[in-house]
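Chains as they are written, first to last, in this note's numbering: chain X, 1430 to 2000; chain H, 1430 to 2000.
Heads up, a few of these hints could be off.
Note: identical chains are not told apart, hence a pair may lie in one copy or across any two.
Stated by the list, open to error - Pairs of lysine-lysine residues, derived as BS3-like cross-links and limited to a Cα-Cα distance of at most 25 Å, are as follows:
{"hint": "1", "residue 1": "Lys1570", "residue 2": "Lys1993"}
{"hint": "2", "residue 1": "Lys1812", "residue 2": "Lys1853"}
{"hint": "3", "residue 1": "Lys1853", "residue 2": "Lys1570"}
{"hint": "4", "residue 1": "Lys1663", "residue 2": "Lys1934"}
{"hint": "5", "residue 1": "Lys1993", "residue 2": "Lys1815"}
{"hint": "6", "residue 1": "Lys1478", "residue 2": "Lys1895"}
{"hint": "7", "residue 1": "Lys1594", "residue 2": "Lys1853"}
{"hint": "8", "residue 1": "Lys1599", "residue 2": "Lys1751"}
{"hint": "9", "residue 1": "Lys1583", "residue 2": "Lys1594"}
{"hint": "10", "residue 1": "Lys1897", "residue 2": "Lys2000"}
{"hint": "11", "residue 1": "Lys1495", "residue 2": "Lys1550"}
{"hint": "12", "residue 1": "Lys1990", "residue 2": "Lys1853"}
{"hint": "13", "residue 1": "Lys1815", "residue 2": "Lys1495"}
{"hint": "14", "residue 1": "Lys1570", "residue 2": "Lys1471"}
{"hint": "15", "residue 1": "Lys2000", "residue 2": "Lys1812"}
{"hint": "16", "residue 1": "Lys1471", "residue 2": "Lys1897"}
{"hint": "17", "residue 1": "Lys1962", "residue 2": "Lys2000"}
In short, the hints are calculated from the structure, not lab data. Since this is a predicted model, take the numbers as computed values, not measurements.
There are 2 protein chains.
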Amino acid sequence: MKNHLNKLKEGKSLMINKKYTIGVDYGTQSGRAVLVEVATGKEIATAVKIYPHGVMDEYLPDGKTKLKQDFALQHPQDYLDVLAETIPEVIKEAKINPEDVIGIGIDFTACTMLPTDSKGKPLCFYDEYKANPHSYVKLWKHHAAQDEANRLNKIAEERGEDFLKLYGGKISSEWLIPKIWQILNEAPDIYESADRFMEATDWVVYQLTGVERRNSCTAGYKAIWNKQNGYPSKEFFKALDPRLENLVEDKLSTDIYPIGAKAGEITEKAAALTGLLVGTAVAIGNVDAHVSVPALGMTEAGKMLMIMGTSTCHVMLGTEEKIVPGMCGVVEDGIIPGLLGYEAGQSCVGDHFEWFVENCVPATYTREAEERGLDIHVLLTEKAQKLAVGESGLVALDWWNGNRSVLVDVDLTGMILGCTLLTKPEEIYRALIEATAYGTRKIIETFEENGVPIEELYAAGGIAEKNKFMMQIYSDVTNMEIRISASSQTPALGSAIFASVVAGKDKGGYDSIVEAAKYMGKVKEEFYKPIPKNVEVYTKLYDEYNILHDYFGRGANDVMKRLKTIKAQAK
Amino acid sequence: MKNHLNKLKEGKSLMINKKYTIGVDYGTQSGRAVLVEVATGKEIATAVKIYPHGVMDEYLPDGKTKLKQDFALQHPQDYLDVLAETIPEVIKEAKINPEDVIGIGIDFTACTMLPTDSKGKPLCFYDEYKANPHSYVKLWKHHAAQDEANRLNKIAEERGEDFLKLYGGKISSEWLIPKIWQILNEAPDIYESADRFMEATDWVVYQLTGVERRNSCTAGYKAIWNKQNGYPSKEFFKALDPRLENLVEDKLSTDIYPIGAKAGEITEKAAALTGLLVGTAVAIGNVDAHVSVPALGMTEAGKMLMIMGTSTCHVMLGTEEKIVPGMCGVVEDGIIPGLLGYEAGQSCVGDHFEWFVENCVPATYTREAEERGLDIHVLLTEKAQKLAVGESGLVALDWWNGNRSVLVDVDLTGMILGCTLLTKPEEIYRALIEATAYGTRKIIETFEENGVPIEELYAAGGIAEKNKFMMQIYSDVTNMEIRISASSQTPALGSAIFASVVAGKDKGGYDSIVEAAKYMGKVKEEFYKPIPKNVEVYTKLYDEYNILHDYFGRGANDVMKRLKTIKAQAK
Chain X
1430 MKNHLNKLKE GKSLMINKKY TIGVDYGTQS GRAVLVEVAT GKEIATAVKI
1480 YPHGVMDEYL PDGKTKLKQD FALQHPQDYL DVLAETIPEV IKEAKINPED
1530 VIGIGIDFTA CTMLPTDSKG KPLCFYDEYK ANPHSYVKLW KHHAAQDEAN
1580 RLNKIAEERG EDFLKLYGGK ISSEWLIPKI WQILNEAPDI YESADRFMEA
1630 TDWVVYQLTG VERRNSCTAG YKAIWNKQNG YPSKEFFKAL DPRLENLVED
1680 KLSTDIYPIG AKAGEITEKA AALTGLLVGT AVAIGNVDAH VSVPALGMTE
1730 AGKMLMIMGT STCHVMLGTE EKIVPGMCGV VEDGIIPGLL GYEAGQSCVG
1780 DHFEWFVENC VPATYTREAE ERGLDIHVLL TEKAQKLAVG ESGLVALDWW
1830 NGNRSVLVDV DLTGMILGCT LLTKPEEIYR ALIEATAYGT RKIIETFEEN
1880 GVPIEELYAA GGIAEKNKFM MQIYSDVTNM EIRISASSQT PALGSAIFAS
1930 VVAGKDKGGY DSIVEAAKYM GKVKEEFYKP IPKNVEVYTK LYDEYNILHD
1980 YFGRGANDVM KRLKTIKAQA K
Chain H
1430 MKNHLNKLKE GKSLMINKKY TIGVDYGTQS GRAVLVEVAT GKEIATAVKI
1480 YPHGVMDEYL PDGKTKLKQD FALQHPQDYL DVLAETIPEV IKEAKINPED
1530 VIGIGIDFTA CTMLPTDSKG KPLCFYDEYK ANPHSYVKLW KHHAAQDEAN
1580 RLNKIAEERG EDFLKLYGGK ISSEWLIPKI WQILNEAPDI YESADRFMEA
1630 TDWVVYQLTG VERRNSCTAG YKAIWNKQNG YPSKEFFKAL DPRLENLVED
1680 KLSTDIYPIG AKAGEITEKA AALTGLLVGT AVAIGNVDAH VSVPALGMTE
1730 AGKMLMIMGT STCHVMLGTE EKIVPGMCGV VEDGIIPGLL GYEAGQSCVG
1780 DHFEWFVENC VPATYTREAE ERGLDIHVLL TEKAQKLAVG ESGLVALDWW
1830 NGNRSVLVDV DLTGMILGCT LLTKPEEIYR ALIEATAYGT RKIIETFEEN
1880 GVPIEELYAA GGIAEKNKFM MQIYSDVTNM EIRISASSQT PALGSAIFAS
1930 VVAGKDKGGY DSIVEAAKYM GKVKEEFYKP IPKNVEVYTK LYDEYNILHD
1980 YFGRGANDVM KRLKTIKAQA K
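Produce the entire structure from the sequences given, and follow the hints as far as they go.
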C-alpha cells in the first residue's frame, strides 16, 4: 500500500485518466465479467450471465437426443453470449470510456474442452454434427471417460511412463486425453473431423484474438504436457490406440504459452461482439483456481492458496520441480511465470456439508431454523461452535467423494467414528468440517515432507469468504495464520490482473505479474490466527486422523474398496 | 400339541375346572400381570400399572432432594401397588374364581436392589431415612456406581480372582456389589442400618410369602455368586474396603434357591393385598430375560433366546460350565434348573434406531411420514428394504453404547464406514440394523468357538414381534432360522409357567419346567428362514465387520478410547 501511495504522490497520469481491465470468469453455471481499476484493483462493476443451455446432462439442445450417464456438456455459444452481454454491461455500469479498458483476461473451469475445425469453429456449430453429443463442449465434470482413464493409467503404469509421477500417479477421467479418447471410441467420425481439441479457455481467447494460443496451465495440469518433455510420446499414444498415434501433431497445439503472456489483441469481430476497442490486449487463457493466486497478492514461492467451495483446490508456488506423492500436478509457469505451480485438491468440502444438510439434519433442527429465519448452516454452525475442541469425541475421514490428493483414490469412502447415543447432529457437522481441515493439513505436510515448503496460507471462495467458524478451525488444525481474499470475485480479479500485465506499463498497466499483484491483489485486513489451546487438542485429533488415513488409505485394510465391489455386484 | 390333545382326550379334569396361574412382570416404567390358562398357556387377561413414582432420576418423592448424575431410583411402594391393582383386575377380567389360580410367579429387571431391615421393610419406608436417596430402590440402570465398579474390577484383577472369568472379565456397575459399595461410600449410615440388600424380585416374593428366598438367577448373574464357590471371599471384600469384610454374612442371604423352586405360599397379608387365596404357590423370583426362555418352549441345551428391545439380552442353555470370553455370566440353574444358563448382551439395539430417528432423519422424510400417516420407522423400513444386500456399501460397528459382550468395553464407540455423497438415510438406517445383527453373530460364534453350541435361535420382545424386516436380516446374517415368541407378554408368561410348576401336578399344574414349557410355551407358526443369496453377501460383509471389530476392539488401534479421553478433558 505504501508503494501505491508513493506512486499516487508521484502524480502519475492514472489519477487523471484511470485505466481499467476486465476479467471474465467462466464457471459451471454462468460467466461473469468484472471491471477493475488497474491502479488499485478496485472492482468497479460486475455482470453475470447464466448460460442459456446450462449444464447439459440429460438431453442435447434438440430436447430429444438423450445423453448417457455421467455426461456433462455445454454449448460454446453460451460462452460467446457471456462476452456479448457482460462486457458491454460492465463498461456501461462503470460509466467509462472503452478506450480506458487496456486489457482483458479469461479464466475457465478445466479441463473443459471441445472439438473444432481448423478455424476454431466448434463442430457442434455444424448441422451435420449437432445431433452428436461428442461435438459439444465436455465440461470439467463430464465423468463418462472413466473407462478410458482407467485404461490409460494401466497402460502408462505398465510402460513405466515417467509423467505419472507428476500427477500423483494417476490421470483423472476429467482431463483432456481420456475425454478425447472417449470421443474416438464413441464417435470416431467426430474424432476424425476435429482439427483441434481445445481447452474452452483457449477457445474463448481465440474468439477474441483470432489466433490460437494454448496456455501452459491447462496443457500442464490437464493435458500431460511438461515444459521439458512436452506431451507423452507417440509410442504411448499408439499403445493406447493406434489411431491416437499422431494425436499431438494432428489435433493438439504444441505451441504452449506461459501464463502471464499476451495472447493477442481484440479483433474487429471481437470488438463488434464486446464493445472493446480493436487492439485491446488479451491475456493467455487461464484456469479459475490458478488465476486466483495473484488476486491475493501472492507471487512468491512458499505460499498456498485454498480455493474453497463444493470442493477445495490447493494451488501453491515453488522454486523447484519436486515429486510430491499424490499431488494433482506440477507445472512450470503454470500459475506464475518463472515459478513451479503445484496443484492439489480435496474432492468433497462444501459438498460434504450439503450432503449432511440434505440427509442427516432432523426435522426439529429444520423447524428451529425456519422459526428463527436462519439458514440451516447458520443454525448448525451456531450450535457447533459452542462445542469445545474434542468435546464431540468424533473423528471422520473426509472421503465421501474419494480422495483426490495424497492418496489419489476415488474408491475410498467416508467414515465417522466415536458415535454414542448422545452424539448430536452439530457434533457430526463439526466433525465433517474438521475432517476436511485434517485433509488439508495432510496435504500441506505431504508437500513439506517432499521439499515444497509452505510458509503462508491463503484462502478464497465462498467458504473462505463467509464461514468464519470453519476458517478458524482450519487455522487451528493447520496451526497457520490464514489470509482471505478481499474480493468476492477472486478469479475474475486474477484475470483482470493478468490483463493489466499483458497491456503493459506503457498503456497504464504493469511490467510484471509481481508488480501488478502488489497493487491489484488484496486480502482482507482481518485474518485467522491459530488459538494455541485449540491447536494443542487438534494436534492430538489429527494424529488419530492420520492413523486412520493410513490404515484405510494405504492398503492395511482395503475394506472401502471391497465394500465398493460388493456394492457394484449388488446393483 | 399332539400330547396336549391326547391329554385333553384322556378327559383330565382341567376341561371341567380350568386352572390358571399369574405371572407378574416388573419392567422399568410399569408392572403387568397376565393370567394364563395352565393347560394351554393361553393368556386370558392382562393388566398394567404404571409406577406412580416412575424412574426417579432428578428428585426424591419430596420434590426437593436433588439426585446426582446417573442416579436411577424407584419406590418399593409402587411394586406393592402393582400387586394390589393388577392381580384383582386380571381375576375380575377373566371372570374366574381365585381358587382356580394355583400359582403366581414374579420377574423383574435386574439388578434392581434395595436396602431393608431384618423384617424386609425397605429403609425408605422409615421417616429417618426417606430423605436419603440411598434408602430407595436402585434400578438396574442406576449408573452412579461406575467408580466402585472400576475399583472392584481393578482389585479383582490384581488379586487374580477366579470369578472374573465367569463374567467376561468384568463386573458391571449395574450389578449388586458396586451398588452396595456406593451406598457404603456415600451413605454409611444407610449401609450400617441395612440388615439386608435384596433384589427387588426377591423382595416382592418376600412380601407375598413372608419368607426370604434368594433366587439363583440374580445371585449368579448379578451378585458374583456361584453354585460351587459361593460369593467372593471375605479377603476380597476386605480388600475392597475393610468395612465390607462381613458383607455376605451380615447383609446378604446365603441360602440360594434355584430357579423353578417354590418360594412359599400366599400369606394372609398377601391374600388381603392381592385377592389370591392363602396358600397359593409362589415361585422363586426371576429376571425378565431369563424367565422368558420356557415361554418359548425352550428347555434344552443348544438354544439361544434373544430378547430384543432397546438393548438385546441373549440367554442360552448349556450342559457344561464353559468360560466364554466376554459373556455376561454363566450360572448353574440360572435359567432352567439342571442346566447352565449363559447370558450375553448388546447394549444398543432399539436405542440405536431411536438415536438415528431423533438425530439423523431429514425433514423431508419426517414430512413424508406425516403426510402418509406412517411411523417414521415404518417409512425408513419401507425404503431400506428396497435395497439389495450390500447395495449401500456401508458397514457399521454397533457400539454407540459400548460393547457389552465379547469385548465388554463401555469405552468403545460407534463407527460407520463407506459413506459417499449418494448415501441415503435409509442406507444408514439399514447399516445400523445390520451392525446389530453382525454383533449377534459375533456373540454366537464366540460361544460356539468356546464349546457352547447354539443350534437354534429364538427371539422375543418388541422388535422380534414387530419388525419382520429386521428379523429377516438377523436370519440372513446368522444363517439360522429364527422362531418368535407367540406371546407379546413373554416374561409374564414365563413367570406364569414357573408358577404352574411350583403349584405342582396335584393342584392342576405340572411336575417339571420341561413339561410345563411344552404345554404353555409357544412360538409363532411363521418363522424366519435365511435366504441363501443374502447369506452369501452378508458373509462377506460380516467378514469386514469382524476385521473392524477386532482392529478397533482388541487394541490394534485404541482411537475410540483416546477420543474419549480427549472428550473428557475437553469438558
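Tell me, in ascending order, the numbers of any earlier hints that this structure violates.
4, 7, 13, 14
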